[in-house]
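Using the numbering used here, read the sequence shown as starting at 2 and increasing by one per residue.
Calculated directly from the structure, the hints in this document are not laboratory data.
Beta carbons: idealized from backbone N, C-alpha and C, even for Gly.
One or more of the hints may lead you astray.
[Claimed, not checked] In silico DSS-like cross-links for lysine-lysine, where the CA-CA straight-line distance does not exceed 30 Å:
| no. | residue 1 | residue 2 |
| --- | --- | --- |
| 1 | 218 | 229 |
| 2 | 7 | 262 |
| 3 | 33 | 229 |
[Said to hold, decoys possible] Between beta-carbon pairs, the in silico distance windows are:
| no. | residue 1 | residue 2 | range |
| --- | --- | --- | --- |
| 4 | 212 | 132 | 20 to 28 Å |
| 5 | 244 | 184 | 17 to 25 Å |
| 6 | 150 | 117 | 32 to 40 Å |
| 7 | 120 | 35 | 44 to 52 Å |
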Amino acid sequence: MNIFFKELKSHRKSLIIWSVALVLYVAMAMVKYDATVSVGDSMTALIETMPKVFQSMLGLGFFDLNTPIGFFAATFTYLMLLGAIHGSMLGANILSAEERDKTSEFLMVKPVTRNMVVLSKMCASLVNIVIFNLVVTIASVVIVNGYGTGGETFTNDILALMLGFFVIELIFFIIGFFLSTVLRRSRFAPSLVTSILLITFLLSVLADMFDAVKWFKYFSPFSYFDPKMLLGFVEPNLVQIGLGILSIIILGSLSFFFYNKRDLEI
2 MNIFFKELKS
12 HRKSLIIWSV
22 ALVLYVAMAM
32 VKYDATVSVG
42 DSMTALIETM
52 PKVFQSMLGL
62 GFFDLNTPIG
72 FFAATFTYLM
82 LLGAIHGSML
92 GANILSAEER
102 DKTSEFLMVK
112 PVTRNMVVLS
122 KMCASLVNIV
132 IFNLVVTIAS
142 VVIVNGYGTG
152 GETFTNDILA
162 LMLGFFVIEL
172 IFFIIGFFLS
182 TVLRRSRFAP
192 SLVTSILLIT
202 FLLSVLADMF
212 DAVKWFKYFS
222 PFSYFDPKML
232 LGFVEPNLVQ
242 IGLGILSIII
252 LGSLSFFFYN
262 KRDLEI
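Using the sequences provided together with the hints, build the complete structure.
Right, dumping it as structure tokens:
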């Protein structure tokens, strides 16, 4: 239990920084929406003239940018990317920090099993992620609904999007966490999970741009919880959703196994 509270305390500052950063992202995105609406249909016409490649890269071309929820959804892919970065860095560092800071030996002489160490750090990370998601979700609901007219609200749509945000963050958290248990030098876990994150994000963009590589979407968690699917514009792919949830369960279970087997750097 001491490990649990220690991790919560040690990651408190980064949690605040990340939360503030993403709230500011949402606020600035909606300020841009206000500017876009003032331009009128000319912005929509401009986007329609863009090649599909650029529309996919920028997350445009599908949603109605003249509505608050449409604009929020169009920019949501990059909000999701930031959330995935937060989760991956938390997962990759929360275990490897012990070896990086040369505190593994001190931790291992305490009357706790390795399983308890993993469980405590996982639980602390989950609390961190839940708090982070609650802050971003509440801020998004307040900010986006603030641009509604005539009492119009978008709470249900925002909650649907933020559910995908939460699962994506969990997936990349567990990938980072797993890598820190399986790599011989766990300090390489942050750079490796960052590479995986960027590659899978690129795969999702390519799958959206080119029909010939639609199958890339099965290798990218970002495609599993696409904003278009979360808002009900396209049918959910149960195989992809199942892969996402299964990856969390399998990698989480394997993390316990490999951490018990690894030789810690002292």
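Taking the hints in turn, this is what the structure says about them:
1. With a C-alpha separation of about 14 Å, the suggested pair residue 218 and residue 229 falls inside the 30 Å cut-off, and the hint holds.
2. Between residue 7 and residue 262 the CA atoms are separated by roughly 24 Å; this keeps the pair inside 30 Å, and the hint holds.
3. Pair hint residue 33 plus residue 229 holds up; C-alpha atoms about 21 Å apart against a cutoff of 30 Å.
4. Taking 20 to 28 Å as the suggested C-beta distance range, the pair residue 212 and residue 132 does not conform, at roughly 41 Å.
5. Between residue 244 and residue 184 the beta carbons are some 23 Å apart, a value that agrees with the proposed interval 17 to 25 Å.
6. For residue 150 paired with residue 117, a C-beta distance near 53 Å fails the hint of 32 to 40 Å.
7. Range check, residue 120 to residue 35: about 46 Å between beta-carbon atoms, so the 44 to 52 Å window is met.
Of the numbered hints stated above, those contradicted by the structure are hints 4, 6, listed in ascending order.
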